[in-house]
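Protein chains in written order, with the numbering used here: chain A, 510 to 732; chain B, 510 to 732; chain C, 510 to 732; chain D, 510 to 732.
One thing to keep in mind: the hints can contain errors.
[Said to hold, decoys possible] If we take Cβ atoms under 8 Å as the criterion, some of the chain B residues that face chain D in the derived model are:
1. R564
2. Y571
3. M579
4. A582
5. Q583
6. V586
7. A587
8. L590
[What the hints assert, rightly or not] Where chain C lies over chain B, by a calculated footprint (3+ residues, C-beta under 8 Å):
9. 626-634
10. 702-714
None of these hints come from the bench; they were simulated from the model. Using N, Cα and C, we set each Cβ at its ideal position, and we do this for glycine too.
There are 4 protein chains.
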Amino acid sequence: MTGELFRRLRAASGAIWPAYTRHDFVLRLARGDLPEAAFRRYLVQDYLFLLHFARAWGLAIYKSETLAEMRRAQALVAATLEVEIGLHIDYCRGWGLSEAAMAHEPEALETIAYTRFVLDRGLAGDRLDLEVALAPCVVGYAEIAAERMADPATRRDGNPYREWLDMYAGAEYQSLAREAASALDEQFARRGGEGRFAALAGAFATATRLEADFWTMGLAAAR
Amino acid sequence: MTGELFRRLRAASGAIWPAYTRHDFVLRLARGDLPEAAFRRYLVQDYLFLLHFARAWGLAIYKSETLAEMRRAQALVAATLEVEIGLHIDYCRGWGLSEAAMAHEPEALETIAYTRFVLDRGLAGDRLDLEVALAPCVVGYAEIAAERMADPATRRDGNPYREWLDMYAGAEYQSLAREAASALDEQFARRGGEGRFAALAGAFATATRLEADFWTMGLAAAR
Amino acid sequence: MTGELFRRLRAASGAIWPAYTRHDFVLRLARGDLPEAAFRRYLVQDYLFLLHFARAWGLAIYKSETLAEMRRAQALVAATLEVEIGLHIDYCRGWGLSEAAMAHEPEALETIAYTRFVLDRGLAGDRLDLEVALAPCVVGYAEIAAERMADPATRRDGNPYREWLDMYAGAEYQSLAREAASALDEQFARRGGEGRFAALAGAFATATRLEADFWTMGLAAAR
Amino acid sequence: MTGELFRRLRAASGAIWPAYTRHDFVLRLARGDLPEAAFRRYLVQDYLFLLHFARAWGLAIYKSETLAEMRRAQALVAATLEVEIGLHIDYCRGWGLSEAAMAHEPEALETIAYTRFVLDRGLAGDRLDLEVALAPCVVGYAEIAAERMADPATRRDGNPYREWLDMYAGAEYQSLAREAASALDEQFARRGGEGRFAALAGAFATATRLEADFWTMGLAAAR
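So here's chain A without its partners, still in its complex pose (with noise of 0.2 Å):
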């Protein structure tokens, strides 16, 4: 069964894992009444971490040990800068928020923290430690997002979130997940071997911490 060491990584990571995927943002998000200054503040950070996951994924190509894989992280890079960032701008011109605005706007420390921490977990270590590190993001939407649909509280219509939530519960990016799910068990089938498991969940959980890091700055900007 795909997926298992992800669910190995989520489990060590015991609480730190629920504080990020059930963090408050999130919830509020769900039920619709998270205020609109705290999700705007998460798109324009959003915006400027789209950049940076674009050059993990450019990266990655670099890393890569066989066509196949540098053909995955190409696809990753093309959606990103093609399809994605294009899709944001869109998105976030609907809540007022333009392309040129958010370029100049700078980076939050929780911004900064996350997507770095990844790049020097990818440049210190190999492929498969980039890939662990990005984990909770990419794999970690796509969760977040399948358990809010399927949570009775969270309010479907009249949803100024509801966008958001469709398109990370959605069939397209569900397959995204469980295929970057798959490839960390591929590479830690070739590359991994239990005495690297504590060494990945160590740093699996930071970067959990520093996504729910990233969810509080959102927050912040409500209070």
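Starting from the known structure of chain A, fit chains B, C and D onto it as the hints suggest.
Using the frame of chain A, we list chains B, C and D on its own:
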């Protein structure tokens, strides 16, 4: 006159610079009324910082183009791993902090943000990018300590933080900082040009902001 | 006028440049009397080269400072992985070389030397260092093919290597090479300065020498 | 018993290993009838090699996960920059080669290939990948010298290369090589697993092949 690039970078960072060098943490440390909890928090995170500082200079060895450049970076790694970390551990012991306890403390968001920002600048760019991102720390600490020691408001007798000020205001550290500033000039002449200034100033300002956040993190422990 | 930095680098490399662009391998290919064994050896190693070429542009994505820079590097990775490698495989099949056979061939000393030299320049330096090390290949191939197609000594009818010349002399590749040369100028303005020229010229000359060695490796297969 | 991974890698490289350790260059050096021009060529390129060897261990500092790992890498950089390069320069002076002359000599194709291959393995992979690529050099030289000193065909008296054999067969270097082999075991336990063996063995074999090419380059100077 040496230190020209550093002075230009500092000037370009505007109010961000004194927000770091005259941060409340620093002023209270100099007056001797910084809460001990704030200083202890700082010491623990500074220990974790030093490990990444040594990694950054290791990276500088890799990125060197001349034997002289390599030797300067190697001397800084050696000083960090063989002297500074030892002194830091001794000093912290005096504040009731054991090395084992510090090594097990999780890195604060602010520690992760500054250290990984520096490493990413160094890996994405060249050695000048790396050293510019390190300058607010390496050169800035010398300025902070010298400025405070020259300030009549600074308490010299019975100040529990006097040793910290003496170390960074001392001849040895001041000389190390001057060499670091000179190295910036030399590299800017050899690898720079006016076209690079804007990007270097942007990275310097971000690094300075992250250093100020590091002080804020210390203070937060005393709230 | 664009291509200024490339022209200066080429001029600074002196006799090293024509030793590459007018190498016996090239002249005989144009005359149509290059031994087939030499061309086959070249084709196989060029396939292995392309994998590292894609890695180099993946690294360029990571090293990008703007969205535009990222997109240009991403387009080159995509072109390499989605188009060029496929065309190369088709073309090689016409020469009796299967993809599986090429993928199992050991990399020649000359292939390792050039590809890893480029990657190290890119990692030790910045994106300009990376693109300068790639320029003898990217821009040089366009010059080689154009120069040979303009040479009356070149055999056009019945030349078994005509397709190779047509591809690199064609409008599409010539345009890609011009863009690469323009990108050098843009980066030299933004990240360079006269102080950098000597080191860039040194790396360009070494990369050119390694490209000439690549032709020599091809010829050696026919001895 | 230590050195297990090294022994497995050596066994997996098959005939590639003795083609390096019992290369004609080595056998003639031991018999004392290696042409001096071959040895001089080797010495000059070995000087250029050492600069990249120091860079590789600088990179290892950056890639360290523990203070102990950092200290071992730092000790090797220090030994290279503060001791080995100096000894090498002194030794070369005895052979009529000045440091200035060596520093201006262009790097041979073989020097570039091996050094940059190692650095790329280290950057694309993790520290284990880096140390495996360095092992044919670090551990191999100890084996080469010990094997030759145990061989009755080796000329001990009046052999102009005796000092070279004594240095690498000496207790100090043999101990350094044993530590390097132990470090491989420790890292394979901590970061490896059987799944990684095939790729590590592939890189080890390529690095060994490139080391043999380095001897061949030396011999070629005497043709």
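The hints, checked one at a time:
no., hint, verdict
1, R564, "holds, 5 Å"
2, Y571, "holds, 4 Å"
3, M579, "holds, 6 Å"
4, A582, "holds, 7 Å"
5, Q583, "holds, 5 Å"
6, V586, "holds, 5 Å"
7, A587, "holds, 6 Å"
8, L590, "holds, 5 Å"
9, 626-634, "holds (count 3)"
10, 702-714, "holds (count 5)"
Every hint from the earlier list agrees with this structure, and none is contradicted.
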